[in-house]
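Visitor: Put chain B on the given structure of chain A with help from the hints.
Read off the chains here:
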Amino acid sequence: MKQQAFEAHYEVRWIEFADWLKRSGEKRNKGSHGGLALEAMDVPARYRELCQHLALARDRQYSADLIERLSNLALAGHQALYGAHTRGLERVWQFLRTGFPRAVRREVRFVALAALLFFGPLLTLTFAVPRHPEFAYVVVPARMLDSVQEMYGEATKALGRKREADTDVAMFGFYIFNNVRIGFQTFAGGLAFGLGAIFYLLYNGVFIGAITGHIIHSGLAVNFFSFTSGHSAFELGAICLSGAAGLKLGFALLAPGRLRRAAALRAAAAQAVPLVVGLAGMLLIAAGIEAFWSPRTFLPPVAKYAVGAMLWLLLLLYFAFAGRERAN
Amino acid sequence: MLDTAREIPTPEGIELSLRLAGPVARALAWMIDLVVRLTAFGILSIPVSLLGGIGAGISFILWFGLEWFYPTLFEVYGSGATPGKRALGLIVLHRDGTPVGLPASLTRNLLRAVDFLPLLYGFGLLSVVLSRDFQRLGDIAGGTLVVYREASTQHGAIPAAPPLPPAMLLSPLEQRTLLDLAARSQTLTSERAQELAALAPRLTGATGDTAALARVLSIANYLIGRRA
Chain A
25 MKQQAFEAHY EVRWIEFADW LKRSGEKRNK GSHGGLALEA MDVPARYREL
75 CQHLALARDR QYSADLIERL SNLALAGHQA LYGAHTRGLE RVWQFLRTGF
125 PRAVRREVRF VALAALLFFG PLLTLTFAVP RHPEFAYVVV PARMLDSVQE
175 MYGEATKALG RKREADTDVA MFGFYIFNNV RIGFQTFAGG LAFGLGAIFY
225 LLYNGVFIGA ITGHIIHSGL AVNFFSFTSG HSAFELGAIC LSGAAGLKLG
275 FALLAPGRLR RAAALRAAAA QAVPLVVGLA GMLLIAAGIE AFWSPRTFLP
325 PVAKYAVGAM LWLLLLLYFA FAGRERAN
Chain B
-19 MLDTAREIPT PEGIELSLRL AGPVARALAW MIDLVVRLTA FGILSIPVSL
31 LGGIGAGISF ILWFGLEWFY PTLFEVYGSG ATPGKRALGL IVLHRDGTPV
81 GLPASLTRNL LRAVDFLPLL YGFGLLSVVL SRDFQRLGDI AGGTLVVYRE
131 ASTQHGAIPA APPLPPAMLL SPLEQRTLLD LAARSQTLTS ERAQELAALA
181 PRLTGATGDT AALARVLSIA NYLIGRRA
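Those protein sequence lines, which keep their order, are chains A and B. Residue 352, in our numbering, is where the first sequence stops; the numbers in between run on with no holes. Residue 208, in our numbering, is where the second sequence stops; the numbers in between run on with no holes.
The set of hints was computed from the structure by calculation and includes no laboratory data. Think of the CB as a built atom: it goes at the ideal place given N, C-alpha and C, for glycine as much as any other residue. Some clues are possibly wrong.
As the list claims (entries may be wrong) - Covered stretches of chain B, as calculated for chain A (at least 3 residues, CB under 8 Å):
| id | stretch |
| --- | --- |
| 1 | 7 to 17 |
| 2 | 83 to 93 |
| 3 | 113 to 123 |
| 4 | 168 to 180 |
Pulled out of the complex, with its shape left as it was, chain A reads as follows (with noise of 0.2 Å):
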């Protein structure tokens, strides 16, 4: 078949596909009805037909202003077809309800090393410190310990708070943008064949381990830990599965197994997504509370340990037995 006849021929046909991918494009985005040519049912094998169209005119030696015209509406369709995703609030709550919990237990042996060195220096300063006070300021500014100081004295007003410092949504804005932070640089360090993310998290389990242990040693611990106590739970718990997240980026890269670095640190990357967007979103429970309800001081410390205590216990049991299909 020569070329014109071949295009006489078969020219409705891509009219009729091309008009289809952009009124689909166009209803995805606005949501508008239109009387379409093609029926959505007919696309896949309209998609298939077109393949062979090309197939046909390459192997004929078309001319190359046909071949891309082919080539180009045959991309589209791959596009419209093989890229179709769901979208939408159903998604997030799936994610919550299994695909996170999963991710974390699926992930279990890098979230327990990340652990161990973060809580490994966090909990030994914190009993070390009390004892040899000195040494608190080995691994933190003078100035630092100062201030912080000043944050759990008496005299505040919000506990967790110079006295200057700002109202509770200008805290929860800093804390998002603080925290979210280190825990997606965590994350991205472990890149660096995981040494970033060991270094992250050694690095704020020693430092929140030497101020924790200065502050009981300066006899503050019961302001302290009733302003700390509510958020520790998601945001020790984000700091963790940040670490794990970038180890297992780290330990794509060490130990690849059978598949090429590259294709080893894909599949580590989307299976780490998960734990990301998680820890991302357990940092912004944890800024709303540090923000607005740890510097309260109405209800007595013990009240708000038990608080704290419960958020421990709870986020435990959710990473625990979240999203387990029963066992048949």
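Guide: Okay, now just chain B, sitting in the frame of chain A:
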């Protein structure tokens, strides 16, 4: 062929061609995006700053969102490109040529933090230059490509001329070469087109430059099936 085209095999047994975008186009797109982001932040900050403490909180959240989620928002829920990429005709796709989804987009944009190191996309540039498909580290991990939205359009239609059968049998490749020359004859200078047509004297009958080109066009018209 040494080219920036990347072929993607599809389940239907054909190959689709994508044109990869190089570091310069991507850097320009990033700069445009930077200006857009700073402008957006500047404009939004004015009313927000009147709100005092609440405003400070909102502007932190704004800056956070613009820093981390601006590209993902446009790539997934726009049409595959940030305003900067759109201005340069670029689009982000999965490696298989499909539009980028949320997980891949998040991966490539969160790992931007590493690509940006040690300063101004040092690692990113290194990775783009060293990888076969112009991918920065975030692209490798996310499995994404940055390509030109439009395929090249350097081919014109074959101009109409009185069709004439060739004097000898032509192989498919020879036919294709002839068709390509006929299609390009519009965009070449007439001297160059004539010069090229004169390269096949046995085919055209060696009747002088203008006649050779006219003959090429006639044969091309015959080959695509036009009949007098």
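Visitor: All the hints need checking, so say for each whether the structure fits it.
Guide: Results of checking the hints against the structure:
Only residues whose beta carbon comes within less than 8 Å of a beta carbon in chain A count, and the stretch 7 to 17 of chain B has 0; fewer than three means the coverage is violated. Only residues whose beta carbon comes within less than 8 Å of a beta carbon in chain A count, and the stretch 83 to 93 of chain B has 8; three or more means the coverage holds. Counting residues of the stretch 113 to 123 of chain B whose C-beta sits closer than 8 Å to any C-beta of chain A gives 5, which meets the bar of three, so the coverage hint holds. By the rule of at least three residues with a Cβ nearer than 8 Å to a Cβ of chain A, the coverage given for the stretch 168 to 180 of chain B is violated, with 0 such residues.
Consistency note: the structure conflicts with the earlier hints numbered 1 and 4.
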